[in-house]
Each structure stands twice: as C-alpha cells, then as structure tokens.
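Chains as they are written, first to last, in our numbering: chain A, 42 to 262; chain B, 160 to 788.
No lab work stands behind these hints, which were simulated from the structure alone.
Please note: incorrect hints may appear among the correct ones.
Claimed, not checked - To spell it out: a stretch of chain B is covered by chain A in this simulated footprint if at least three of its residues, at any positions, have a beta carbon under 8 Å from a beta carbon of chain A; those stretches are:
#	region
1	509-517
2	618-625
3	642-656
What the hints assert, rightly or not - Beyond 10 Å from chain A on every Cβ pair, some chain B residues (computed):
#	residue
4	Gln473
5	Arg601
6	Leu661
Glycine included, C-beta positions come from ideal geometry on N, C-alpha and C.
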Amino acid sequence: MPTQFHTVFIVEDDDLTRTSLVRRIAEAQAGLQVTTAVGTCREIRAALELTRPAVLLVDLGLPDGDGLDIIRETARRWPAVMIMVITVFGDELKVVSSIKAGASGYLLKDDAAVGIGEAIRQMLAGGSPISPAIARHLIRHFRPDASQAPAPSSVTLTPREMEILALAAKGFSYAETAALLGLTSSTVSSYTKNIYGKLAVSSRSEAVYEATRMGLINSRS
Amino acid sequence: MQAIDTPSARPPSTFYWISLILVPVVYLFAMAIVDRSPQIDPALLRPTARVVISDSEQPPLFRRELPLVDLVDSADYTPVDARNVASVWYQGEIDLQQTPRDLWAVYLPFTYGTFAVYVNGSLVGASSQMTPPYAYFRTPLYFEFSPSLLRPGANRIEVHQVSVRYAAFRNATYVGPAKSIQPAYAHANFLQVTLVHAVIVALLVMFMLTLGLVWVRPAETGYGWFSGATFCWAVYNWVLIEPHILLPPAGFWFSLPPIALGWFTICSALFINRMPGCDGPQPRTEQGFLLFGVICTLTIFAHRLGSHQESWVQAYVWLPGLMLINAYIAWRLLRAVRRQPVFEVKLWLLAAVVTLVVGAYDYLSDYGIVWQGSVHYLSYTVSLVLIVFGLTLLSRVTRALTEAETLNRELEDRVAAKGRELEHNYARLQSLERERAISAERERMTTDMHDGIGGQLVHALAVIEGNSSFQPLEPILRGALDDLRLIIDSSDPVEGNLLAVLSNFRARNERRVQQGGLRFLWQVTDLPSLPDFGPHKILQVLRVLQEALTNVLKHAHATEVTVRTATGEDASGRPAVLVDVIDNGRGYTPGRESGRGLGNMRRRARELDGSIEFSSCAEGSHVRLILPL
Chain A
42 MPTQFHTVFI VEDDDLTRTS LVRRIAEAQA GLQVTTAVGT CREIRAALEL
92 TRPAVLLVDL GLPDGDGLDI IRETARRWPA VMIMVITVFG DELKVVSSIK
142 AGASGYLLKD DAAVGIGEAI RQMLAGGSPI SPAIARHLIR HFRPDASQAP
192 APSSVTLTPR EMEILALAAK GFSYAETAAL LGLTSSTVSS YTKNIYGKLA
242 VSSRSEAVYE ATRMGLINSR S
Chain B
160 MQAIDTPSAR PPSTFYWISL ILVPVVYLFA MAIVDRSPQI DPALLRPTAR
210 VVISDSEQPP LFRRELPLVD LVDSADYTPV DARNVASVWY QGEIDLQQTP
260 RDLWAVYLPF TYGTFAVYVN GSLVGASSQM TPPYAYFRTP LYFEFSPSLL
310 RPGANRIEVH QVSVRYAAFR NATYVGPAKS IQPAYAHANF LQVTLVHAVI
360 VALLVMFMLT LGLVWVRPAE TGYGWFSGAT FCWAVYNWVL IEPHILLPPA
410 GFWFSLPPIA LGWFTICSAL FINRMPGCDG PQPRTEQGFL LFGVICTLTI
460 FAHRLGSHQE SWVQAYVWLP GLMLINAYIA WRLLRAVRRQ PVFEVKLWLL
510 AAVVTLVVGA YDYLSDYGIV WQGSVHYLSY TVSLVLIVFG LTLLSRVTRA
560 LTEAETLNRE LEDRVAAKGR ELEHNYARLQ SLERERAISA ERERMTTDMH
610 DGIGGQLVHA LAVIEGNSSF QPLEPILRGA LDDLRLIIDS SDPVEGNLLA
660 VLSNFRARNE RRVQQGGLRF LWQVTDLPSL PDFGPHKILQ VLRVLQEALT
710 NVLKHAHATE VTVRTATGED ASGRPAVLVD VIDNGRGYTP GRESGRGLGN
760 MRRRARELDG SIEFSSCAEG SHVRLILPL
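So here's chain A without its partners, still in its complex pose:
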C-alpha cells in the first residue's frame, strides 16, 4: 500500500464516464487520489488556479471549449503537472495533437482499473505509453523526406530514440524492445516520454517558424 498519494484532476463531460473513471482509479489502488472531477473547461481552469494536481486527465471534446487548450495552458503554466489525454480509441491523431500540446500520455476511456492504474503509475515514474501508430507518426515527423524543406526546428532524435520508435512501430512491447536493446523496460518508457517532449518542443518551434514566415509574407504584400 503506497504511503503517498498523488492527486488527480479529471475533466470529462460525460457524467457517467467521469464517475466510472473516478471509481476505476480508486479501484486501481495505485496511490492515486482524484480530488477534482469536473465536466467543463471553466471548472477545471478554476480548480487549477486554486491548486495543482500531480496528474491531470483531460477529455478533448468539452462542451465549453477544447481540451487541447487546457493541456496547452497547463503545460505552459505548470510544467510539473503530468497531463494525460482521455480518448475512446487512443487514435494517433488525437494523441499526437495532445502530445504536441504538452501531454505525456493517454488513457483509453473504457480501460479497466488495472490498465488505468498502470498507465498513470508509468507516467509518474517518468515514462509514457506508445502505440505503433503513434510511433509511425513520430518517425515521419522526425525523419522528414530529404526533398522537403528543411525542418524549421533543430530538434532531432538520437539514433537510440529512433531505434525505439522503429521497434514500437513494428509492434514490439516495451519489455521486448528493452530485451532487444539491452535496456530495462522503464528506460525504454522514459525514452518515449523524452521523445514526446521533443515533439512538443519541435511543434512549438514549428508554430513560431510558421508565424514568422506568414509575418514575412504579410509584410511583403
């Protein structure tokens, strides 16, 4: 029984799903304590202004705004808060845009208590989950085609990080990847988290680059 509890905030608009998540997190017995569970952007913003949790779980489609904005604001203002996006499908599009906004993991809404507990614990231990589709997306992102314009950001992955992504894209689990590369599972997991961080940084600099470019075009016209 863990002695120290990590606080968890949830923003999820579907009441029953939210309640179910709260229950499953409690069931997971992972040393997690849901202290705030709300259904709107406004409420979660208010809660975050008062106090910061260890973990923030965010649903993207909220009635009064976009969960991505919550992720972005939180990541900028309180980088210590670990953010996870709650999705039904764990699909690459939503997860990747959340990671770009500053999330470092994702949860499946219908996952069992064990799965949810494990995912949050892994993140608190400094790791992140990955799916093959996300890995493929990241490979594409960080290894742009030579004929394309040079990447505006100087953020690149190390060979080891690329290796890990390549294995993840082929469907190997962290344990298998770790065995293949002579690492531990948690090391591989933390490599992933680091890669997510680089994705967020590179997408921020891309945004800056994009804005500058458009500014230049505007100033010329």
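Since chain A is already given, all that's left is putting chain B on it; use the hints.
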C-alpha cells in the same frame, strides 16, 4: 566562341621555338624539289636572239646584222611607247640538215606579258589576243607546230612580246621536237597554272564556307575577315595567271593584284586579332589599317585609271605599309603564343613565320641573290596557309558543334532526370495529398465516432457498470467498441505495410491477451509491401486475426499465443506473405470446429485474394493467412 577549348595550355617548348626556324627551311627545300622540272636537252635551248624593238604586228624585217643577245631570264628595261606598251621582237635562227618528221614545239618556260610565236613567218601560237589592252600575266607558254613549216638550212623563229609594263622579261626559249620538250612544259604548266587554278577553286570554296558561317552567325566577325582574306588572295592569284582582261578597264584590272594583296594583309590582321587564344581586337589600330586601305585603294585605282604608270603611292606607301601590317600580325601572334599557347595559335605563328621566310626568299630570288625557281613560292605558301587556317577554323566549328551536341545531350539527360524527379515529386505530392485527404476523412470519422458512437458506447458501459442484471450486455458493447477501433485502424494509410496493420492489431489486443492469462509472443520480420492494400483489405486482415485470436482466447486453453510472419509461396507458387497465429493450447478435432468462425475467415481470405490454412493437434492449433504479393 571564346575559349571553347584550350587543347594545350602549356608554354611552348624549346622544340616549338626550334621548329619555328626549321620548318620554313625544310619547307623551302621541299618547294625547290617540287619545282625541279624534267631536264630538257640543253641543245634545244636557244640562248641568244636578236632583239628588235618594233610595234609591228607582223614579223619585221629579219635583221641578221644586229648582235645576238643572251636571253637569260632577267628583266631588262625596254622603251615603251605612248601607250605604255613595250613591243619587242626576238629573232632567232636554227639550222637543220633536213626537214624533221615529228611534231615540233616552241617553249617559253617563264613569261611576263603577251606573246606570239612565228616559225618562218607563220604564226604558230599566241598567249592571248595581240591587240590592246594587253593582259599582264605569268604562265609558261608552249606551242606545237607541224614540221612541214621547217626546211633544211636556216629557219627563222620569231617571238613577239608585248608588255604593258616598262620592264619586259627576256626569256630563254626552247625549240625542238615536241616529245623532248613537252614533259618539262607539262610539269611547269601543272605547277603554274593547273595547281594555281585548283588552289583558287579551293580558296573560293573556303571563302563561300566561311562567308556562309558569318551569314548564319554574324557575331563571328573573325570568320568574316578570314573570308575576306581568302577572297583577296584568290583574286590576286587569279589575275596573275589570267591571260585575258576579264574586268575592264585595263587600269582597274592591272590594279587588282596589289590592291588584293593589300586587303588580304589587312583582313588577315583583323582575323588574327579575333581568334580565340589571341589578344582580341584593337579598335584604334584596326580602324587605322582600314582607313589606310581605303585611301590607298582609291588613290591607286584613280591613278591607274588615268595613267599607264604605276602610282608612287603603290610603291612607296602601300607596299611598305603592308609590310608593317605583316610585322604587326607576327608580333600579335608571338605575344599570343607566349601568353596563352593554344595549339592553333602556335600553328598560325608557324604559318606566319613560314610565309615571312618564303616571302623574303622570293624577294631575294627575284634579284638573283638566291637560286630562282620557275615560280614564286609565296603564292603557293599563302594559299596553303589559308587552306590550313580554313581547315582549323572549320574543325573548330565542327568541334563546337560536337560540343554543343554533347551539351545538348547532357542537357536532355538532365531535363529528363529533372522530369523524372518532377514526376516522382508530383506522384509523391499526389500521394501526400491523397494521404492528407484520407487522413482528414479519417479524422472527421474518428471525431464523429469519438464524440458520437464511441462516447455513447463508453457511456453505456458506464451505465451497466454497477448493475449485474445488465452484465450480459458488456461483452456486446465491448465488441462494438473493438469493432469501431478495428474500422478506425483499418483506415490508417499504411501503404502496403502489413507489419503496421499487425502492430496495430497487437497494440489493441495486448491487454486482452494479458487479461486472458496468456503471453503474447511477437515474432515478426520486415515484410515486402503488399499491392493494393487499402482499408477494405486491411479490415479483412484485422477481422481474420481478431477471429483467430478470439478462438485462442475462448477455446484453446493456451498459455501462449504467437504471431509470426514470413515470406513464402501460396498453393499456386506465387510469392506471398504468411501470417501465423499459433497457440500452445489443446487444439480441436477437425470437423468439430463449429462456432469457431472458420468459414467466415475463409471467406475473408478469399476476398483478400489469398487463402487460409488451419491445423490443430494436441500441442495446439495453427492458423496461417496467406496473402499473395
């Protein structure tokens, strides 16, 4: 045109400088050897004659009382009349024992002016009309005549020469049987007439070619000047051997040789200046040359049309001026060779030196200082030089054309390569665009499912969560959610990458397998790209695998499930990708596999244009999906 090539950029070797001296000497020897005509029996030479100055058109009175004069090939000044015409009769005699039977001939190897020959008072031949205006030319003359004109005893041989110049050449004369003299004449005629005609034709062809080049490419002014030089030299040679005045008035015709010679020199200077490897045009100097040329030409023409005498301008301004221009050419070439020794410029300098040496030799031989041949060598030398120049120029043009062709080909290759690249880029762009469209569509679809069906399914699961009477609904709802995930995953554009589909499948099922108490063994390899592997096919593959995995989880009582890939062949021998789902459970009895959806799996495999194999034993069961490449 500039610096298309520099075949030899090395400084000229000592060998080159030595050859500059040696080549002209060797050349002169060669000319002299060619010039040696077949020997004529010296007995046939009539070395002396009586010289009678008379403008009679018929043989004048034969004057045996006059002294015999040596007829060496030398100029002697003969008085001219008011028309500037010197008319001289050479009276000679030969004594014969009897009338010969063979054809006889009179041969004058070296003439200047217009000649007629009489034997015993009968005209046997004339170089051209014996009436004014008289042409001024230089060819060997040879007239055959019937032996019936001869008789035993003394026979009169009379040669009438009219010359428009103040100087008349006294010519050695051969008289004798034609067969003894003809070979020598044939040789001299070949050298002095036939060859010169051939050279003139060659020069005119060269002139036309280079002129055509300038016409096509007006920027090649150097070729234009070369063309001019060639033409002037052709005119010069032509007038010298042409026994008729083709372009009257006579004054104009007689002025042509010095004028043509002068313009030949000026054109050469301008041409040399414009050749690659030389130092380029010198506008001031060249304008000076041209002005000098125009003024002297007009002066000489004007003078000659009004006078029978040569203009002093020609003797004291024009010819010395041309010599200076010649020196200028040699200086420019020497500079060019020292600075940037291109092969052609080196060749030209050599040619210029040969021309200078031969010109000097001709000059000296005219004054009897060195051995005099039957002809002036300079005429042939310059022609040769011009033809060599012309050929190097044409070879330069062909080289440039070849180079252009090569460049064109390279350019075409490059354009083709660029075209391919563009095509490739376009195809890539198209595929990116398609991908983007699919991705946008997929995003729309997932968003719809996410916010709609997905959310509702999760909501429904939450509703039944605490209520045991709804428990049977749970697997149905989860199945629906799984199916939705399958559909979303199948719309992931994987570009024929089956491994991507399999890895998605694994990620989706990892937790389920673990919850079923099994180990998921993942034995995959990189696979060749599957053709035409769109969302529909992907979905079929996912459903087959899902079905196989569900069978393992439900029925096999296994502890491990292995997914393995390989490449191999299908039943008909086509290359194929093999996907195995293997468990270590207790297997099933063939024929009693109802409820395992094997029929469904077979149907899906057929839709994939592939096949599926099932096998089972006590150690487990094995499903193999075979997808042809």
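Okay, the hints, checked on the actual structure:
1. 509-517: violated (count 0)
2. 618-625: Coverage by chain A holds for the region 618-625 of chain B (5 residues, Cβ < 8 Å).
3. 642-656: As far as the region 642-656 of chain B goes, the hint holds, because 5 residues have Cβ atoms under 8 Å from chain A.
4. Gln473: holds (73 Å)
5. Arg601: violated (7 Å)
6. Leu661: violated (6 Å)
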